[in-house]
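Colleague: What follows is each chain in one-letter form.
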Amino acid sequence: MNNSRRTLFLIEVAIFSALALVLDLIPFLKFQLWAQGGSVSFAMIPVFIIAYRWGVKGGLLSGFLFGIMQVVVGTAYILTPLQGFIEYGLAFTVLGVAGIFAKQVKDALEAKQSGKFFTYLTLGVFIGSFLRFLAHLYAGVVFFAEYAPEGQPVWLYSTLYNGSYMLPAFVLSTIVIGFLFLKQPRTLLSIKD
Amino acid sequence: MNHALIIGQYVPSNSVIHRLDPRTKIAIIFFFVIFVFFANTLTSYAVLTLFAVGTAVATKIKLPYILKGLTPVWFLIVFTFVLHLVVTKEGEVLFRILSYPIYSGAVEQGIAISLRFFLLILVTSLLTLTTTPIEITDAIETLLNPLKKIKFPVHELALMMSISLRFIPTLMQETEKISKAQASRGVDFRTGPMKDRIQAIVPLLVPLFVSAFKRAEELAMAMEARGYQGGEGRTKLRELRIEKIDILAFITFGIVLIGLFLTRA
Numbered sequence: 001m002n003n004s005r006r007t008l009f010l011i012e013v014a015i016f017s018a019l020a021l022v023l024d025l026i027p028f029l030k031f032q033l034w035a036q037g038g039s040v041s042f043a044m045i046p047v048f049i050i051a052y053r054w055g056v057k058g059g060l061l062s063g064f065l066f067g068i069m070q071v072v073v074g075t076a077y078i079l080t081p082l083q084g085f086i087e088y089g090l091a092f093t094v095l096g097v098a099g100i101f102a103k104q105v106k107d108a109l110e111a112k113q114s115g116k117f118f119t120y121l122t123l124g125v126f127i128g129s130f131l132r133f134l135a136h137l138y139a140g141v142v143f144f145a146e147y148a149p150e151g152q153p154v155w156l157y158s159t160l161y162n163g164s165y166m167l168p169a170f171v172l173s174t175i176v177i178g179f180l181f182l183k184q185p186r187t188l189l190s191i192k193d
Numbered sequence: 001m002n003h004a005l006i007i008g009q010y011v012p013s014n015s016v017i018h019r020l021d022p023r024t025k026i027a028i029i030f031f032f033v034i035f036v037f038f039a040n041t042l043t044s045y046a047v048l049t050l051f052a053v054g055t056a057v058a059t060k061i062k063l064p065y066i067l068k069g070l071t072p073v074w075f076l077i078v079f080t081f082v083l084h085l086v087v088t089k090e091g092e093v094l095f096r097i098l099s100y101p102i103y104s105g106a107v108e109q110g111i112a113i114s115l116r117f118f119l120l121i122l123v124t125s126l127l128t129l130t131t132t133p134i135e136i137t138d139a140i141e142t143l144l145n146p147l148k149k150i151k152f153p154v155h156e157l158a159l160m161m162s163i164s165l166r167f168i169p170t171l172m173q174e175t176e177k178i179s180k181a182q183a184s185r186g187v188d189f190r191t192g193p194m195k196d197r198i199q200a201i202v203p204l205l206v207p208l209f210v211s212a213f214k215r216a217e218e219l220a221m222a223m224e225a226r227g228y229q230g231g232e233g234r235t236k237l238r239e240l241r242i243e244k245i246d247i248l249a250f251i252t253f254g255i256v257l258i259g260l261f262l263t264r265a
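Chains as they are written, first to last, in full-length UniProt numbering: chain F, 1 to 193; chain E, 1 to 265.
Excised from the complex, chain F in its bound form:
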């Protein structure tokens, strides 16, 4: 990456991570499901946008930054060191894996193949969301192992709780990102390899 491209990369990742946090902070932009965290919000979208624009590296970085920023700003809930690391260090970072299909999504959009475009877009968002879900699922199990009495079906609790907001968030993200890239193709295509 040459120097000016590199600077633009750093800034875009930074600003979109900020945007993710903003979408997570503004009350009327999310649908609260549970008392502690776990709301359906649009916050993953900026991370996915960066992942499709700049590929996996940008996506991972942007997700990581989004996670760290929640800790720094004080909206994170860290209950054990391991849970904190998984839920804020890892869970948001893996959203960036969506970027593995960056090239396919860009090509499809440029060639106006909407079927291919939506397939790869949905696949990427799904993989990112699913990995994040796995991270929260595992953190929930680790957390419950520490705090709940033995003999509880912790996997079931954690799956239901985390699935209840991750599934709608995945659908929401796919729709909004698809809409954005179709209506404003330059938001995806202005970065050339």
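Bear in mind the hints are in silico, worked out from the structure with no lab data behind them. Heads up, a few of these hints could be off.
Covered by chain F, per the in silico footprint, the following chain E stretches (three or more residues, Cβ under 8 Å) [claimed, not checked]:
(1) 19 to 26
(2) 40 to 52
(3) 67 to 73
(4) 82 to 96
(5) 120 to 131
(6) 214 to 227
Straight-line alpha carbon distances no greater than 25 Å define the calculated DSS-like cross-link-like pairs of lysine-lysine that follow [stated by the list, open to error]:
(7) K68/E - K30/F
(8) K151/E - K236/E
(9) K30/F - K180/E
(10) K244/E - K60/E
(11) K214/E - K57/F
(12) K214/E - K177/E
(13) K103/F - K183/F
(14) K183/F - K116/F
(15) K30/F - K183/F
(16) K112/F - K183/F
(17) K177/E - K183/F
(18) K151/E - K57/F
(19) K57/F - K149/E
(20) K214/E - K103/F
(21) K148/E - K244/E
(22) K57/F - K103/F
(23) K30/F - K151/E
(24) K180/E - K214/E
(25) K195/E - K180/E
(26) K183/F - K180/E
(27) K103/F - K30/F
(28) K149/E - K236/E
(29) K195/E - K30/F
(30) K148/E - K57/F
(31) K183/F - K214/E
(32) K116/F - K103/F
(33) K183/F - K195/E
(34) K195/E - K177/E
Beta carbons are placed, not taken as given, at the ideal position from N, Cα and C, and that holds for glycine.
Please build the complex by placing chain E on the supplied structure of chain F, with the hints as guidance.
Modeller: Leaving out everything else, chain E in the frame of chain F:
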């Protein structure tokens, strides 16, 4: 400091805790979070509680502010407590609720685990209550410095965090501006079924993203023009320094840890 720039939990004040170096606070909290798990007697919990509550008092932040940060976890604290009451069957039967036996071991474990929970949340939220996000960023940058040896981009990460923090208020204002512009045309974001609300929000997000790209491009260009070349040889506006109060804080925490190990079984 501009009021609009205060984001998150931070409550400005001039208390001892506010004046501590952010690295001191992060280090102490890090070890506190680990050592909480070592407490296993009533007195050892009392030592840790005394430290946590004492620190909270020393911040001079009013109680409602501190409790506000804890609201979302009250549910979890109560939930784990009740779960233990119902499921744990150790010790003697203390009493019965509607012929359901409650064991002494259940009460003990329930209290211990809820208290541990409470201490962790209290202490970690004290960090963000007394430290500005930018201070935490500076602290993270210096604490991660050793990672530069393995080519981890510490400087870039810190730069991105500062830029992120700088843009959060700007982006919030922008979101508000666009949402007001839409609301004046009759869009309703806050009420109605979820499907309608989502349909209202999408036209808000698109211009928000587009303008974020524009801002990024302008900032990158401005940095270029001023000769930004990356981390090498850059100096800092805010320098962190370990002062006497930091050493005092470490000594106090050391005494607490000694107290913890003397009182645990």
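Colleague: All hints are to be evaluated individually against the structure, with a verdict given for each.
Modeller: We went through each hint and held it up to the structure:
| no. | hint | in the structure |
| --- | --- | --- |
| 1 | 19 to 26 | violated (count 0) |
| 2 | 40 to 52 | violated (count 0) |
| 3 | 67 to 73 | holds (count 3) |
| 4 | 82 to 96 | holds (count 4) |
| 5 | 120 to 131 | holds (count 7) |
| 6 | 214 to 227 | holds (count 7) |
| 7 | K68/E - K30/F | holds (20 Å) |
| 8 | K151/E - K236/E | holds (21 Å) |
| 9 | K30/F - K180/E | holds (17 Å) |
| 10 | K244/E - K60/E | holds (20 Å) |
| 11 | K214/E - K57/F | holds (22 Å) |
| 12 | K214/E - K177/E | holds (16 Å) |
| 13 | K103/F - K183/F | holds (19 Å) |
| 14 | K183/F - K116/F | holds (17 Å) |
| 15 | K30/F - K183/F | holds (23 Å) |
| 16 | K112/F - K183/F | holds (12 Å) |
| 17 | K177/E - K183/F | holds (22 Å) |
| 18 | K151/E - K57/F | holds (15 Å) |
| 19 | K57/F - K149/E | holds (20 Å) |
| 20 | K214/E - K103/F | holds (23 Å) |
| 21 | K148/E - K244/E | violated (29 Å) |
| 22 | K57/F - K103/F | holds (13 Å) |
| 23 | K30/F - K151/E | violated (38 Å) |
| 24 | K180/E - K214/E | holds (21 Å) |
| 25 | K195/E - K180/E | holds (20 Å) |
| 26 | K183/F - K180/E | holds (22 Å) |
| 27 | K103/F - K30/F | violated (31 Å) |
| 28 | K149/E - K236/E | holds (20 Å) |
| 29 | K195/E - K30/F | holds (13 Å) |
| 30 | K148/E - K57/F | holds (19 Å) |
| 31 | K183/F - K214/E | holds (17 Å) |
| 32 | K116/F - K103/F | holds (12 Å) |
| 33 | K183/F - K195/E | holds (20 Å) |
| 34 | K195/E - K177/E | holds (23 Å) |
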